[in-house]
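Enquirer: Given the coordinates of chain S, assemble chain C onto it according to the supplied hints.
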Amino acid sequence: MKSLITCLAVLFFFSSCEKIVDLDLSNNIDKLVIDANITNQPPPYEVRLTKSVRFSEKNEYPPVKNAVVTITDNAGQSDTLTYTSDGKYLTKNLQGIEGRTYFLTIKMDGKTYTAESTMPKKVELDSLTISVFKINGEDKKFIIPNYVEPNYLGNYYRFLQTLDGKFDKNYYVFNDNLNNGKSNQRPLQNNDDDFEIKSGSTVTIEMRCLSSNVYNYFFSLSQQAGGAFGSGTAPANSPNNITGDALGIFSAHTKQSKTIIVP
Amino acid sequence: MNKIVSIVCGLCLLMGCFGNVLAQKKCTVSGTIRDSQTGETLIGAFLRVDQKMQVGVSANEYGFYSLSLPQGKYVLKVSFVGYQEQKMSVDLDSSFELNWKLESKHSLNEVVVSTKRKNDNLTKAVMGTETLNMKDIAKIPVVFGEKDVLKTIQLLPGIKSAGEGNSGFYVRGGAADQNLILLDEAPVYNASHLLGFFSTFNSDAIKDATLIKGNSPAQYGGRLSSVLDVKMKEGNNKELSANGGIGLISSRLSVEGPLKKDQSSFIISGRRTYADLFLKASPDFSENKLYFYDLNAKANYKINNKNRLFFSGYFGRDVLSFGGNMGIDWGNSTGTLRWNNIISSKLFSNTSLIYSNYDYKVKIKSGETDFNINSNIKDWNLKQDFSYYLNPKNSLRYGFNTIYHNVKPSTFTGTVNNNVVKEGRKSLDNALYINNNFKATQAFTVDYGLRFSAFSILGGDTYNIYQKGIKTDSVVLAKNMFGKTYYNIEPRATANYRINEMNSIKLGYARNVQHLHLLSNATSSNPTDQWVSNSYNILPEIADQYSIGFARNFKENKYELGVEVYYKDMQNQVDYKDAADINTAPDVESELLYGKGRAYGLEMIAKKKEGKLTGWISYTISKTERLIEGINNNNWYNAKQDRTHDLSIVGIYQLNPRWSLSGVFVYNTGNAVTFPTGKFYLDGQTVFQYGNRNGNRMPANHRLDFSATYERPKKDRIQSSWNFSLYNVYGRENAYTITFEDVPDDATKTQAKQTSLFRWVPSVTYNFKF
Chain S
1 MKSLITCLAV
11 LFFFSSCEKI
21 VDLDLSNNID
31 KLVIDANITN
41 QPPPYEVRLT
51 KSVRFSEKNE
61 YPPVKNAVVT
71 ITDNAGQSDT
81 LTYTSDGKYL
91 TKNLQGIEGR
101 TYFLTIKMDG
111 KTYTAESTMP
121 KKVELDSLTI
131 SVFKINGEDK
141 KFIIPNYVEP
151 NYLGNYYRFL
161 QTLDGKFDKN
171 YYVFNDNLNN
181 GKSNQRPLQN
191 NDDDFEIKSG
201 STVTIEMRCL
211 SSNVYNYFFS
221 LSQQAGGAFG
231 SGTAPANSPN
241 NITGDALGIF
251 SAHTKQSKTI
261 IVP
Chain C
1 MNKIVSIVCG
11 LCLLMGCFGN
21 VLAQKKCTVS
31 GTIRDSQTGE
41 TLIGAFLRVD
51 QKMQVGVSAN
61 EYGFYSLSLP
71 QGKYVLKVSF
81 VGYQEQKMSV
91 DLDSSFELNW
101 KLESKHSLNE
111 VVVSTKRKND
121 NLTKAVMGTE
131 TLNMKDIAKI
141 PVVFGEKDVL
151 KTIQLLPGIK
161 SAGEGNSGFY
171 VRGGAADQNL
181 ILLDEAPVYN
191 ASHLLGFFST
201 FNSDAIKDAT
211 LIKGNSPAQY
221 GGRLSSVLDV
231 KMKEGNNKEL
241 SANGGIGLIS
251 SRLSVEGPLK
261 KDQSSFIISG
271 RRTYADLFLK
281 ASPDFSENKL
291 YFYDLNAKAN
301 YKINNKNRLF
311 FSGYFGRDVL
321 SFGGNMGIDW
331 GNSTGTLRWN
341 NIISSKLFSN
351 TSLIYSNYDY
361 KVKIKSGETD
371 FNINSNIKDW
381 NLKQDFSYYL
391 NPKNSLRYGF
401 NTIYHNVKPS
411 TFTGTVNNNV
421 VKEGRKSLDN
431 ALYINNNFKA
441 TQAFTVDYGL
451 RFSAFSILGG
461 DTYNIYQKGI
471 KTDSVVLAKN
481 MFGKTYYNIE
491 PRATANYRIN
501 EMNSIKLGYA
511 RNVQHLHLLS
521 NATSSNPTDQ
531 WVSNSYNILP
541 EIADQYSIGF
551 ARNFKENKYE
561 LGVEVYYKDM
571 QNQVDYKDAA
581 DINTAPDVES
591 ELLYGKGRAY
601 GLEMIAKKKE
611 GKLTGWISYT
621 ISKTERLIEG
631 INNNNWYNAK
641 QDRTHDLSIV
651 GIYQLNPRWS
661 LSGVFVYNTG
671 NAVTFPTGKF
681 YLDGQTVFQY
691 GNRNGNRMPA
701 NHRLDFSATY
711 ERPKKDRIQS
721 SWNFSLYNVY
731 GRENAYTITF
741 EDVPDDATKT
751 QAKQTSLFRW
761 VPSVTYNFKF
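Note that the protein sequences, when read in sequence, are chains S and C. What the first sequence shows, in the working numbering, is residues 1 to 263, in sequence order. What the second sequence shows, in the working numbering, is residues 1 to 770, in sequence order.
Chain S with its partners taken away, still in its complex shape:
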């Protein structure tokens, strides 16, 4: 939608202008942030606990060191995590297996937070292809992750893209509402000027298969990121799967990667 503003600007012989503004956003309430993941890859798995800070502060998030973190699953595994550093807690021997449901419990300062997440079955990432789009007169290359959607509804995906070692901060989350049972044709479209896939670029795509509540969480984040020009819904803290008023998400997902060198 950004190109629309530029387009309107040219159209009306004036330039829209941008400036950095100072807003009073000081009324924030610091909350516990849970960033917990279980994957189908070999253990250990990490739970990171930090606190949120005010918008105006530096991007330094205080780690939480004094929590007791346990993860169990519906097949009888149980693990109490060990604190390492920087708010990170690691599992010891718990295995991430497709189809199982995992339960997270965090006890901290007399409060208990719980979350539950089911790891879906993996959908195979077959290959990556490059597609070319014409945007404002210029050719732009985007990656299409190729996979065949299973023939039943309720499959959710998230893609993470790295271009020449640089992590792309856009959220790419897909569902199967529109293309259930078909092969994917939707590209990972990043229109930023400073993001350019060129001949010789190395692009790595990580594909995650998610459960619906994890998808909803990241879908909501993707909406906030793009919701500037009259689009999207009013932003709110993304609905998560944690009870006990904490931010973040507990995600049990499958994980696989492919890398392509752009011809």
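Hints were generated in silico from the structure; no laboratory data involved. Treat the hints loosely; a few may be bogus.
[Unchecked claim] Straight-line Cα separation of at most 20 Å, EDC-like style, residue types lysine to aspartate or glutamate; simulated pairs:
{"no.": "1", "chain 1": "S", "residue 1": "Lys51", "chain 2": "S", "residue 2": "Asp109"}
{"no.": "2", "chain 1": "S", "residue 1": "Lys19", "chain 2": "C", "residue 2": "Glu741"}
{"no.": "3", "chain 1": "C", "residue 1": "Lys363", "chain 2": "S", "residue 2": "Asp109"}
{"no.": "4", "chain 1": "S", "residue 1": "Lys65", "chain 2": "C", "residue 2": "Asp683"}
Please read all numbers here as calculations on a predicted model, not as lab measurements.
Expert: Just chain C, lined up with the frame of chain S:
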């Protein structure tokens, strides 16, 4: 229900008691009031009896009037703003027809926003009503120099612009979809072009526009906040004429003339923007398209003295595309066929058959794959309206309205999608109404009425039932089956008491019900916003508005002061849930939540209506809130259109007969929005934390605009004028959006970035008429 029963009884009593007021034989004088040069009917022209100042009648929207008087000799006077008053002595011994032709005053010292008579604001039982005629708005500066009814209306109290340069508006705390916008009776579902920078109303084709802020008479219904009733010109029935304008962004041309002299006429008016031609000049944008066009046409045919037919139509389309990969186009088309029938000197009938269609198409193409989204809303509408001029004290309006809606929600199709073609949802929207304008005494007037509406869901689709977003049941309705019907009784009343020659007080109550809802959370009007009709989840929205007002005129009605206070209570309001999927959810109803709303405020206007300097100051202080279970921890929150202060100052100065200058200053509190208050780190990046829904404010908006108009001396038959305007004179950077991001070169910080659109927009327009 008891309340309603007692209101109905009250109505009957009031109507019963005027039957035997006078035993003396009465005669009726009736006819039409028109402009002598063009033959256009003059809506709202006022006819009165010279000897009895308070006995009179206004011409209806077809220029028809009827007045019954005891036998005798009278002097009748007809007056209308901008026209010479006319007088006629009549000897009324039997009923007869009397048609009037008024001479237009070529005075340049015109009132700016006119009520139809100089002291209408004191005498009429109308509340929260504003009328604009096209002559009036021509001199008020607007962005891009294109005079625009919708943008001028936003300068009046209680009416707020949806955003800078936006033709969307909010009335008394209502959302943008709660305005009933009618073009020759046909509802217009999206009144904006180019994402709201222009409205769909080409001012060359328009005769007048009236906005009623919630206290509408019973013949109007279907929206909570307001009625904007726009009437197209009928065309000159004396001679062929053309007028038009050439501007930087767009040009327009209208042709009008008689089909048969003094009997029938037509008008065709077209407009197109051509700024996209400049896009072609820039290599970066050469493959982009961005334009709109629209066409208004109207014709009327006089069958005989008692019967007249009208046809009017509108067609407009916007086209927007980026480099051949992506395109959106959208537009409205409407058609109205009307039959005016003067059944008797006291009874006037109008029958209308109306068609209205709004649709949009989005096309996305990449390589071999296509992807389309489209949606439309189609109405067939039959209206029967009677005006019955019972006696000088009572004039009645009654009739019915039946609308068949077909609302097709956005549907995705394409080469890689499952083409689930969604059926349109059909419904039948019926209403019966009766309204009486009762002039009880010289000083006391009441306008009261009742509207009974019945909205039926029709078959042909499956309706899911959700509890807090989770599907619990579904109803399959076969084609042509009737589903649920929602019945509502909507009482309306306004009363006006004139304390003395200078002061009057007004009271009003109205209930309005709305059956179609626009799902939009956007800040600007978006062509892809979806309309949905009542279903098993979405209930009719209901608003009860209470208002009280005071009006005072000074110095022989040269100055006017108006104050109104309102309180509005709204039920069954619709909003998206947090993190709603508004695009791909198979059933958008799963993404909705419902609750209530309230709005209250104080509106003030002070006008100077005559003299070299005319204009007004309008100020509104207001509050609008919502309470929806599942949003903001179930607490009241500010609606996005909640703005505390709203101020407009409009001034027009007639320098000399050729030059006039005008200026507009506006100030308003920023919209209620949700900004991030905090942040945290998740999965490799910064994520924002939010506080209360709409708990923050955009920065306040203000700006000053100037314009100058030069009217050239008339040469041969050509009349022309130049208009120069400068929008945002002091280059205020008003915030259009604010986005939040990591500082690009410093990963340890975040920043808020504001985008503004218009600084110093100059424009020149040349207007001509011959």
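Enquirer: With reference to the structure, classify each hint as holding or not holding.
Expert: To see whether the hints hold, each was checked on the structure:
1. S:Lys51 x S:Asp109: 13 Å, holds
2. S:Lys19 x C:Glu741: Holds: lysine 19 of chain S and glutamate 741 of chain C sit about 13 Å apart, inside 20 Å.
3. C:Lys363 x S:Asp109: 54 Å, violated
4. S:Lys65 x C:Asp683: 19 Å, holds
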